[in-house]
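J.: The listed protein sequences derive, respectively, from chains A and B. Residue 155 in the numbering used here is what sits at position 155 of the first sequence, and the numbering runs on without skipping anything. Residue 1176 in the numbering used here is what sits at position 176 of the second sequence, and the numbering runs on without skipping anything.
Just so you know, the hints here were simulated from the structure itself, not pulled from any lab data. Check the hints yourself; a few may be wrong.
[As the list claims (entries may be wrong)] Far from chain B, by Cβ distances over 12 Å, these chain A residues were calculated: (1) K17; (2) M42; (3) G109; (4) Y111; (5) L209; (6) A251; (7) W268; (8) K330.
[To be verified] Reference listing, derived: stretches of chain B covered by chain A, where coverage requires no fewer than 3 residues with Cβ under 8 Å from a Cβ of chain A: (9) 1110 to 1116; (10) 1126 to 1132; (11) 1140 to 1147.
Where a beta carbon is used, it is the ideal one built from N, C-alpha and C, also for glycine.
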Amino acid sequence: MSTQSMTGQGVLIPALKADRGGQVLLALLLIAAVVVPIFNLMIPEGSFFHLSTYTVTLFGKYLCYGLLAIAVDLVWGYCGILSLGHTAFFALGGYAIGMYLMRQIGPRGVYGNPILPDFMVFLNWTELPWFWEGMNHFPVALLMVVLIPGLLALGFGWLAFRSRVTGVYLSIMTQALTFALLLAFFRNEMGFGGNNGLTDFKELLGFDLKTPGMRVALFITTVVALAVGYIGCRYVIASRLGRVVQGIRDAEGRTRFIGYQVESYKLWIWVFSAALAGIAGALYVPQVGIINPGEFAPINSIEVVIWVAVGGRGTLYGAVAGAVLVNYAKTWFTAAFPEIWLYALGALFVGATLFLPKGVVGLIPARREKTA
Amino acid sequence: MSTSPAVTGPVGLRMKPTGKRRSTNAPSPDLSHNIILYVEGVTKSFDGFKALNDLSLYIETGELRCVIGPNGAGKTTMMDVITGKTQPDTGSVWFGQTIDLLGLSEPEIAQAGIGRKFQKPTVFPEHSVFENLELAMACDKSVWKILFAKLNAVQRERIDEVLGIIGLKDQRTAKAGALSHGQKQWLEIGMLLMQDPLVLLVDEPVAGMTPQETERTAELLVSLAGKHSVVVVEHDMNFVRSIARKVTVLHEGHVLAEGTMDEVQNDPQVKRVYLGE
């Protein structure tokens, strides 16, 4: 890190050159973007090498989680803010794109109303609530994907950081935030489909969501978003702002007394992270085909923290590794031994804390040094 | 006994005379009355205990002032009030003629030109020595500016200069957390210098230092006076004797005596409460 601040070049290129884990991650993403379409679309279904559309979507989902994990690692690993409510931003991003997808259904719903989604007809509503206006336009929906989580994070962060709420108190507040949203979105009167949420999506930008081609397109979009998100976060961390933020993590008082408005820095990185989480949610929803209030469940946010801890906190690529590994394990466990998954998850967290303080990725350089 | 401010120790400090403070858009204090810091009638209670009791203190531009006093005399609370960490119950604190420090936050006070060294050395342990100095450097510290900030040649040179002053040239890429206690103290002083402050508040700079390190610190602080006003809080009487021209004795949150080292040592009240004679 110190060498890069001394060279005359820009910030990003030297940072990526020094970032082995990041290079591996970006290479894997590139390979996935090339290989997955070939094995899914070009190799016929009966073949041994065929990759099922189900698997494509499953890994697309994992990569969305990877982006969410990066967002959490950015604030937790680098700024010391342990967020136990980041799926709130994820879910809000998901709801934003979900609203667009609902509007795309048009008259093909069960009740055939060209404007109102089915659940509104069911509730005997006669007109669209004001906040659904404009959500039939894709650019508006995309804007909302980052704007709504960003604004919520801005309001929450402004109040919390200005009052100098830190540590476990802040974590509890983030849990309360996501729990409050869970309860609110469960209510039918909120206008987001209540308990059932938003589902039965048909098309995105006119393309049928169920075709393998569209599934692959969504997967590649997710790969690109994760790669761009990773590079963006790497830039932030390698910039002087990144060093200030890590300074806040290690010695907040010192940062303040050398003239940095600590609250502004926390707020900036917090809002940036929330927007990333929103993008992850927006990529997730078209692939899984549903968004409901269950996504706000406090336990989900805690799971994200476990991914990051297991993968390796404060590395960014470790967060992605953790998200993919833990969720792969979850998919396997919940199919093979559904009743013990939560115990396994707990054991994983305790085990990682005790034996792998640097996470799974912490194992790799240690081994390399020994052999070298 | 007291050394002339022009003396430069082996540390070789030579401040480049800059007409303007290079730091920021922060307002410069009006120093027309040659007093840089006014602490007037400041009282601060914690749960009924008066840490500061009607404390008044004036620091002249460019002077080196030592503040001594027994534990609990209010030395650290005084620094907390000046740097914005603690709001006093009554009283006023002015930076020059025009800047009311009580209305400002810690970063604003730091930007205005008051640097602080903590009692326990506080550096960024995960950053290199170079990066510690870089972060402390006086510049526009708003978020967007810092996101795209790059070091220019002048700034790089300045960091190298300070690395030389604090004797950490060979440790520039070392993690600050790996430095020895004395080196951390020096790095923190270096971070203060990078801020280019008008006033340096230095809390127990030689605690835990070897005699050689103490001596170098004394030389450094003496050489800083003149361009900066330096306020040193210290317990080590030999150290105070070696650097001080004017000493303020605090007792129970109040100024007990003020004068040269000899004067305060011969003050009967001071003898009674502090020097234990």
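J.: Evaluate the condition: distance from the CB of L209 (chain A) to the nearest CB of chain B exceeds 12 Å.
T.: Its Cβ never comes within 12 Å of chain B, the nearest being 37 Å, so this holds.
J.: Is the Cβ of Y111 (chain A) farther than 12 Å from every Cβ of chain B?
T.: Nearest chain B Cβ is 49 Å from Y111 (chain A), so the label holds.
J.: May I ask you to check that G109 (chain A) keeps its beta-carbon over 12 Å from the closest beta-carbon of chain B?
T.: Non-interface label on G109 (chain A) holds, nearest chain B Cβ at 45 Å vs cutoff 12 Å.
J.: Is it correct that the beta-carbon of W268 (chain A) has no partner in chain B closer than or equal to 12 Å?
T.: Contrary to the label, W268 (chain A) does not stay out of reach of chain B, its closest Cβ about 5 Å off (not over 12 Å).
J.: Compute the least Cβ-Cβ separation between K17 (chain A) and chain B, then decide whether it is above 12 Å.
T.: Answer for K17 (chain A): holds, closest chain B Cβ roughly 17 Å.
J.: Can you take a look at whether the region 1126 to 1132 of chain B is actually covered by chain A? Rule is 3+ residues, C-beta closer than 8 Å.
T.: With 5 residues close enough to chain A, the hint holds.
J.: Okay, the region 1140 to 1147 of chain B and chain A, do three or more residues pass the C-beta test at under 8 Å?
T.: holds (count 5)
J.: Verify this label for me: M42 (chain A) is non-interface relative to chain B, using a Cβ-Cβ cutoff of 12 Å.
T.: 43 Å, holds
J.: Can the region 1110 to 1116 of chain B be counted as covered by chain A under the rule of three residues or more with Cβ-Cβ separation shorter than 8 Å?
T.: Holds, because 4 residues of the region 1110 to 1116 of chain B bring their Cβ atoms closer than 8 Å to Cβ atoms of chain A.
J.: Compute the least Cβ-Cβ separation between K330 (chain A) and chain B, then decide whether it is above 12 Å.
T.: 32 Å, holds
J.: Does A251 (chain A) really sit off the interface, with its C-beta more than 12 Å from all C-beta atoms of chain B?
T.: With a cut-off of 12 Å, A251 (chain A) comes too close to chain B, as the shortest Cβ separation is near 5 Å.
When held up to the earlier numbered hints, the structure conflicts with 6 and 7 and fits the remainder.
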